[in-house]
Amino acid sequence: MRFSQSYIFPILATMVGVAAFFSSSQAAEITAESLLEKYDSVMGPESFDSTARMTATREDGTKRVYEMRFVKKGTEKFRIWFKGPAAVSGQEVLRVGENSWVYLPNLKRATRIANRDSFQGGDFNNADVLRVNYKADYNAALAASEKPDLWLIELKAKNSSTSYDAIKLWMRKSDSMPVRGEYYGTSGKILRSAEFSEYKEFSKGYRRPAKVLMKNELIKERSTELLTQSMKVEVSFPDQRFTLPDLGK
Amino acid sequence: MSPLVFMSARNLARNRRRTLLAMGAVVVGLCALTVLRGFVNSVQQAQLNTTLLGTTGMLQIHRSGYLKNVLSNPLDLAFEDSPELRNKILSAAHVRALAPRLQFSGSISVNEPMASDLANVGDAKTTFLTANAVDPELDRQTLPQQYEWLIEGMMFPRADSLALVVHRDIAGPLGVENVAANLQQPSETWPVVLAPDRDGSLSGEAFNVIGLLGSAVPTDKRLALAPLKSVQKLLKMDDQITEYVVRLDDVVHAAEVQKELEQRLGSDFEVSRWDEILPFIKDLIGNLTNIFDIISGVFLLVVMLGIINSMFMNVLERVREIGTMMAIGVKQGSILSLFVVEGVFLGALGALVGLLLGAGIVQLMSLIGIPISAPGSSLKFILRPFLTLDFVVTAFSFTTFGAALVSVWPAWRASRLRPVEALSAI
Chain A
1 MRFSQSYIFP ILATMVGVAA FFSSSQAAEI TAESLLEKYD SVMGPESFDS
51 TARMTATRED GTKRVYEMRF VKKGTEKFRI WFKGPAAVSG QEVLRVGENS
101 WVYLPNLKRA TRIANRDSFQ GGDFNNADVL RVNYKADYNA ALAASEKPDL
151 WLIELKAKNS STSYDAIKLW MRKSDSMPVR GEYYGTSGKI LRSAEFSEYK
201 EFSKGYRRPA KVLMKNELIK ERSTELLTQS MKVEVSFPDQ RFTLPDLGK
Chain B
1001 MSPLVFMSAR NLARNRRRTL LAMGAVVVGL CALTVLRGFV NSVQQAQLNT
1051 TLLGTTGMLQ IHRSGYLKNV LSNPLDLAFE DSPELRNKIL SAAHVRALAP
1101 RLQFSGSISV NEPMASDLAN VGDAKTTFLT ANAVDPELDR QTLPQQYEWL
1151 IEGMMFPRAD SLALVVHRDI AGPLGVENVA ANLQQPSETW PVVLAPDRDG
1201 SLSGEAFNVI GLLGSAVPTD KRLALAPLKS VQKLLKMDDQ ITEYVVRLDD
1251 VVHAAEVQKE LEQRLGSDFE VSRWDEILPF IKDLIGNLTN IFDIISGVFL
1301 LVVMLGIINS MFMNVLERVR EIGTMMAIGV KQGSILSLFV VEGVFLGALG
1351 ALVGLLLGAG IVQLMSLIGI PISAPGSSLK FILRPFLTLD FVVTAFSFTT
1401 FGAALVSVWP AWRASRLRPV EALSAI
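In order, the protein sequences belong to chains A and B.
Note that our numbering has the first sequence beginning at 1, numbered continuously upward.
Note that our numbering has the second sequence beginning at 1001, numbered continuously upward.
Source of the hints: derived by calculation from the structure; they are not laboratory data.
Glycine included, each C-beta is placed from N, C-alpha and C at the ideal position.
Cβ pair distances, simulated, as ranges:
hint : chain 1 : residue 1 : chain 2 : residue 2 : range
1    : B       : Q1045     : A       : S187      : 35 to 45 Å
2    : A       : S187      : B       : E1256     : 39 to 49 Å
3    : B       : D1238     : A       : T51       : 30 to 40 Å
The whole structure should be built from the sequences, with the hints applied where relevant.
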C-alpha cells in the first residue's frame, strides 16, 4: 500500500484533468436546457407587442385569414386582439397564469377556453399561441441528429396538463434558431409538425423565424401558417391591461 | 277415424289423475313460456321505441358521406333546409312527420367571474357538449318519446329561443340543475356555449338551461337539445341543417320508403334506416329473440319428455286391454293411431289451457305495468308485456305436433304387442 501511494497523486491529477476537460468541453458545448431556453426566448420573449396573420387551410382547400395583435408581459400574462375577419373581429383572448379566456363582443363576456382546444379552428392549439414556455412544461434531452448542422432535442411533458406529450425540436447549430418541430400525443402518435422559416431581425438584436407552418399530421390536407408581421420586444404594458374587466375596452 | 278420436278421449278421461298430471306439465310449461314471451316482447318493444321514437327516428336523411365522416366535422356536410326539400320527403307514402336537426359540438361554461373577480376562477366550470339543434314543434312530432324523458323544467318554446335542455347528469356537475331558479336569472349569468362555426372560427352565445332530460336507457350524457334557429345564427349557418329525421306510420315500411326517398332526393343525399345507423340495437333485439328461442326449446323438450313418460305408463297399464282389442280384430295401425291421438289430445289441450292462462297473466301484467330501470339510466321504464298471434299459433302447433311425434314411440310399442302374451299379462 505504501508503495502505491506514490501513484495516487498523478492518478488523481489525471482524473481531475480528464473530468475538468469534459466538464469544460460540456460547458462550451450546448446542453438541452440551454437550447430550450434559447427556443423560449426566441419564440416567446419575456415581453413583446406584435402583429401577426394566421392563415388556416382546411381539408377542402378553403383558407381563412385572421389578423391579430399579441401582447405578452412576463411568463404569466398574454393578450390577443382579433382584427379580422368580420366573424371574429372584436374577439379578445386573455391568459393569466394557467387560465385563458376568450372575450366575445356579442355577449360582452369572457368565457374560459382550454389549452388543448384548437386556436380559431386552425392547427395550432391555444397553448401553442398563448403559452410558449417549454422550459417550465417539458424536460429536455439532446438526441442524435441525423443532420450534421442541426441539434435535435427531445422534450417530455413534466405533467399531464401540457398540450403535447412529447416534442422533438430541430435547431440550427449556427445560431440556435428553430427549424422544425414534431409534436406527439400520449400514444406516441405524431399529431402536428411545424416548419420554421423566414428568419428576420424584428428588433435590434432580436431575431426569430417570421413564419411557422403548422401541419396537421392526422388530417394531412390541413395546415395553418402563422406569419409574424411586426414585433417589438421589451415593451412595457400596465398590469391592468391583463385583467378580465379590461377586455373589450 | 271418428271412433278412434272418441275412444282416445274416453281413455284419457278414464285415468283422470295421470291425464291431469301429464297435462299439468304441458300447461305449466306453456304458461311460463307465454309469460316470458310477453315480457321479452315488451323489453324489445321498449328498446325499439326508444330508438325509433326517442333518439334516432325511423329514417334519417343526410348529405352523402355524412355518416362516414361524422367524426371529423359534421358541419362541412350541412345542407339547406328548404320547403321544397321538406315537401319532397313529406309527400312520400307512409311518411308521417319530419324534423330538421343540426348536430354540433362545443363547450358549455358556467359561473365565469363577472368582473375583476380573478380570485373566484375556481368556480367556473366547463364541459364538452354535443347538441342537436331542433325545431321544438317538429321534433316533438317526430320523436315524441324524447319528451317523456324531460324530467324537469320545459322544452324551449321556439326555434329562436336562447335556451337549452341538457342531460341531468351534466347539469348537476355544472350547477345548473335548478331549472326553476335558472328562469329568474338575468342573461348576463347564463351559461355560454362556445363552438367553432362552419369555418372553424370561435363563436359563442349565452343560453339559459330551462329543462333537464333524464333517460330510460344509457345514452350519451353530453347530448343536449338546442333551438335550431339560435344555433344556426351562432354557427353562421342560416337555414343549414345536418339531417332530417323521418317518422313513418309504421316502421315496417322503412326499407320501402328509404328506396322511394333515395330516388326522389338523388345522389346528393343518403337515406339511412335506423338499423343501419344503430346496427347494434337491431343485434341486441335479435339476440334477445335467439336467447328466447333456446329457452323455449328447452321448455318444450321437458314438456315432451313428460308426455312420453305418461304415454308409456298409459301403454303399460293397458296391456291386457290392447291384447283384447287385438283379439277381437282391431288392426295394429288403429292401435298406433289410438295412442298417437291420445298424445295429441294431451298436447293440444295442455297447450290451449297453458296459453290461455299465460295470456291472462300477460294481460294482467300489462294492465299493472312492470317498472324497471336499465343500468346507468335515471328514469324508470314501465314495461307492458304483450303477445303476438304469431307466437300463440306457433306455440300451439309446436306443442300439438310435438306431442303427436313423441307419442309415436309408445304407440308403436303398443301396436307391436303379441295378442296372446298381452292377454296373459297381469
